[in-house]
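Given the sequences, and given the hints that come with them, work out the whole structure.
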Amino acid sequence: MNYIAIEELKNAWIFRHQSLPISDKDLAKIKPMATARANTLWDIAISKQVDHPDFFKKGDWPVNTNTWLDNAKWEGVWDSDDPELPPLITEHINWDNNTVVYYCCSRNYIIETTWQVFKRTWKNFLFMDDGSLLIAKKRKEAVQFNSSGYFKVGNKA
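The opening position of the sequence shown corresponds to residue 3 in the working numbering, with each subsequent residue numbered one higher.
Take these hints with a grain of salt, some might be off.
Restricting the straight-line Cα-Cα distance to at most 27 Å, the calculated cross-link-like pairs of lysine-lysine (BS3-like) are [said to hold, decoys possible]:
hint, residue 1, residue 2
1, Lys-60, Lys-33
2, Lys-27, Lys-139
3, Lys-27, Lys-158
4, Lys-142, Lys-75
5, Lys-75, Lys-154
6, Lys-75, Lys-125
7, Lys-75, Lys-60
8, Lys-50, Lys-27
9, Lys-31, Lys-158
What the hints contain is simulated information worked out from the structure, not anything from laboratory work. Model, not experiment: these values are computed from the prediction.
Here you go:
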């Protein structure tokens, strides 16, 4: 089995938060990966060395200074009534709406969805902002969200 039920997540409440409602149609497209599948994707796309963004080290593309092109604050947009992603993200990423994206919190915790669904529900995902990486299948662009209220955009090596 590649996925688990969203209700099985320890913090499933983020997708049912009353102030940030998600349609049932979108909720059905937010698919937490089973641990084995998450581990495989993390090893292939993120790091074979560490389990969490806090521990990236030399050899992991997220710590390569050439990876990141720019950064900005996400927190103000998140706190506003504006549902749109911060402009720097949408300027950097030109993915089709049906592009499969992965929100990578740690080796064991990755959520798959589509770019379109992520764009509509990004505020829910940002309850998990501890260095989480947004990457896409067969795409080089990446975003990293930090609990400092900032994010950075770049291209994976």
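Here is what the structure says about each hint:
no., hint, result
1, Lys-60 to Lys-33, "31 Å, violated"
2, Lys-27 to Lys-139, "22 Å, holds"
3, Lys-27 to Lys-158, "31 Å, violated"
4, Lys-142 to Lys-75, "22 Å, holds"
5, Lys-75 to Lys-154, "9 Å, holds"
6, Lys-75 to Lys-125, "13 Å, holds"
7, Lys-75 to Lys-60, "26 Å, holds"
8, Lys-50 to Lys-27, "34 Å, violated"
9, Lys-31 to Lys-158, "25 Å, holds"
Of the numbered hints given earlier, the model fails hints 1, 3 and 8; all others are met.
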